[in-house]
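Enquirer: Residue strings, one per chain:
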Amino acid sequence: MTPLLALSQTAINFTYLVAAVLLIVGIRRLSSPPTARSGNWIAAVGMGIAIFFTFLSPDITSYWLIFAGMAVGTVIGVVSARLVKMTAIPQMVALFNGVGGGAAALIAAAEFHRIAPAAGHLSGDSVGAMLFSALIGSISFSGSLVAFGKLQEVLPGHPITYAGQQVVNAVLFAALLALGVLAGSTEQGIWLVLLLLGALLFGVLLVLPIGGADMPVVISLLNAFTGLAAASAGFVLQNTALIIGGTLVGASGTLLTVLMGRAMNRSIANVLFGAFGAAPTEGAAPASTDGKSYREVTADDTAVMLAYAQRVVVVPGYGLAVAQAQHAVRELADLLEARGVDVKYAIHPVAGRMPGHMNVLLAEAQVPYPQLYDMDDINPEFPRTDVALVIGANDVTNPAARDNPESPLYGMPILNVDQAANVVILKRSMNPGFAGIDNDLFYEANSAMLFGDAKSSVEKLVAAVKAA
Amino acid sequence: MTLLNSITVFVLAVFIGFEIISKVPTMLHTPLMSGTNAIHGIVLVGAMLIAGSADSDLEKALAFVAVVFGTINVVGGFLVTDRMLEMFKRKPSKPESE
Numbered sequence: 292m293t294p295l296l297a298l299s300q301t302a303i304n305f306t307y308l309v310a311a312v313l314l315i316v317g318i319r320r321l322s323s324p325p326t327a328r329s330g331n332w333i334a335a336v337g338m339g340i341a342i343f344f345t346f347l348s349p350d351i352t353s354y355w356l357i358f359a360g361m362a363v364g365t366v367i368g369v370v371s372a373r374l375v376k377m378t379a380i381p382q383m384v385a386l387f388n389g390v391g392g393g394a395a396a397l398i399a400a401a402e403f404h405r406i407a408p409a410a411g412h413l414s415g416d417s418v419g420a421m422l423f424s425a426l427i428g429s430i431s432f433s434g435s436l437v438a439f440g441k442l443q444e445v446l447p448g449h450p451i452t453y454a455g456q457q458v459v460n461a462v463l464f465a466a467l468l469a470l471g472v473l474a475g476s477t478e479q480g481i482w483l484v485l486l487l488l489g490a491l492l493f494g495v496l497l498v499l500p501i502g503g504a505d506m507p508v509v510i511s512l513l514n515a516f517t518g519l520a521a522a523s524a525g526f527v528l529q530n531t532a533l534i535i536g537g538t539l540v541g542a543s544g545t546l547l548t549v550l551m552g553r554a555m556n557r558s559i560a561n562v563l564f565g566a567f568g569a570a571p572t573e574g575a576a577p578a579s580t581d582g583k584s585y586r587e588v589t590a591d592d593t594a595v596m597l598a599y600a601q602r603v604v605v606v607p608g609y610g611l612a613v614a615q616a617q618h619a620v621r622e623l624a625d626l627l628e629a630r631g632v633d634v635k636y637a638i639h640p641v642a643g644r645m646p647g648h649m650n651v652l653l654a655e656a657q658v659p660y661p662q663l664y665d666m667d668d669i670n671p672e673f674p675r676t677d678v679a680l681v682i683g684a685n686d687v688t689n690p691a692a693r694d695n696p697e698s699p700l701y702g703m704p705i706l707n708v709d710q711a712a713n714v715v716i717l718k719r720s721m722n723p724g725f726a727g728i729d730n731d732l733f734y735e736a737n738s739a740m741l742f743g744d745a746k747s748s749v750e751k752l753v754a755a756v757k758a759a
Numbered sequence: 630m631t632l633l634n635s636i637t638v639f640v641l642a643v644f645i646g647f648e649i650i651s652k653v654p655t656m657l658h659t660p661l662m663s664g665t666n667a668i669h670g671i672v673l674v675g676a677m678l679i680a681g682s683a684d685s686d687l688e689k690a691l692a693f694v695a696v697v698f699g700t701i702n703v704v705g706g707f708l709v710t711d712r713m714l715e716m717f718k719r720k721p722s723k724p725e726s727e
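If you're matching them up, the sequences are chains B and S in order.
Heads up, the first sequence is in our numbering, so the first residue is 292 and it goes up one at a time.
Heads up, the second sequence is in our numbering, so the first residue is 630 and it goes up one at a time.
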């Protein structure tokens, strides 16, 4: 097939410039609540322009393969983006990220194969970028799949560790660099295949020892990796759109990773090599742990406590999301507000499984913005709060993070829920949270447990408050 | 395009990438991650260029998978971000107290 309408490379590069500007404006607008949604669409239009004009590139001589691939990819992309539940968003982002990394690695492999048979044709300029793209793209691909598996709970969420793990990883990484040198100098495909396989293995080994609670930070880091892989694919193909788009994500993704780590008071090195929560508490003794005992409360008692309180703070966590209880919670809050109770929501930066995840879920239930409070704004309020209602949140409320230097959580900023006059914790059982660490809050004198599925518990509260 | 040109573009893009997200409220972290995730789907452009000029069967196979992957990244990424942001709409009926 002859080209549809070949434009000159200069003309196409100009359209890439337009696309790059739209991507930048898009990301900028994504950083502010009122403009975020339009920002996403502006970026999408930029992407559309880059893709459309690539069709007119003089380098493209055959179209059927592209159309077929895009048709398949569009169906998969639309269906998965439409059907995914809001609670499963983090793993969906991991998956979309992984396939992007995989694409960058495949581009590098295809380019290597095209050029390699004629020895000496690999120029020093592009071979480094090619190998980098293959390496980072593969790590991002397999690492993202493991992150997906952990969040989807196909793989165990707790860290998987073994003796000498970091030595094994270091040796493997050194071997990958050696393979890269061999592939670049000999131009033999076998070395590249080994490099790709080794990088896939490395991605798996890198993410396996990281606990589920740190997955958001890992996904963000792998997101930055994929950006860099795309940028280096741009160096290989000498394509400005790829270099700019990939680098923007590489840089902003790195910064976002640091910001997220900071919200959890953990450095990136600590996340990657710390094997956070490697030793979960043994079993979950129902009555007491180490002589500590907790108090159980009924829905009716809780409802009375709430109905006659002046200030109530709701602390939502991932358990609320899993139980899909956000609508019931809003109904409860509306009822309380109608009775003159002041209701606020305390949002920990890492509540849920991704920063901002909880805001998305509560927005879905149409909880008004002004009721949502960040950690720093709500913490001074707890001492004058009558009832703190902790719904499926755990690690972010653990006072050990503040008071006990022995705790693995020590140093993580928490919501000072324990300072409220009464704390009611809605939880399915006494099992420890996602990080596998027992929560001292449950054993405080002012704490009471309301056991059951978050949604049915909240619905009982709604019924009981109506009757109160 | 020379290597130096590419490096120039790369370095400037690094600075822009750091600058544009310096002040992001926590609640936008997830949508922002998801949005930038869609943007590295630009790798699709590279996959198209490879697919459109592939000679051997192996190259075609690799390029085909790359186009599928890149398209999933772009289409899924933007749609899922939009779904998230759609929920941030304020309810006009609810009076704002603060």
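Hints were generated in silico from the structure; no laboratory data involved.
Treat the hints with care, as some may be off.
With a straight-line Cα cutoff of 30 Å, these simulated DSSO-like cross-link-like pairs (lysine-lysine) come out [said to hold, decoys possible]:
hint: 1; chain 1: B; residue 1: Lys-757; chain 2: B; residue 2: Lys-583
hint: 2; chain 1: S; residue 1: Lys-652; chain 2: B; residue 2: Lys-376
hint: 3; chain 1: B; residue 1: Lys-635; chain 2: B; residue 2: Lys-376
hint: 4; chain 1: S; residue 1: Lys-652; chain 2: B; residue 2: Lys-635
hint: 5; chain 1: B; residue 1: Lys-751; chain 2: B; residue 2: Lys-583
hint: 6; chain 1: B; residue 1: Lys-751; chain 2: B; residue 2: Lys-376
Okay, the calculated bits of chain S under chain B, using three or more residues with CB under 8 Å as the criterion [unchecked claim]:
hint: 7; segment: 645-655
hint: 8; segment: 696-703
Virtual Cβ for every residue (Gly too), placed ideally from N, Cα, C.
Enquirer: Against which earlier hints does the structure fall short, listed by number upward?
Expert: Violated: hint 1 alone.
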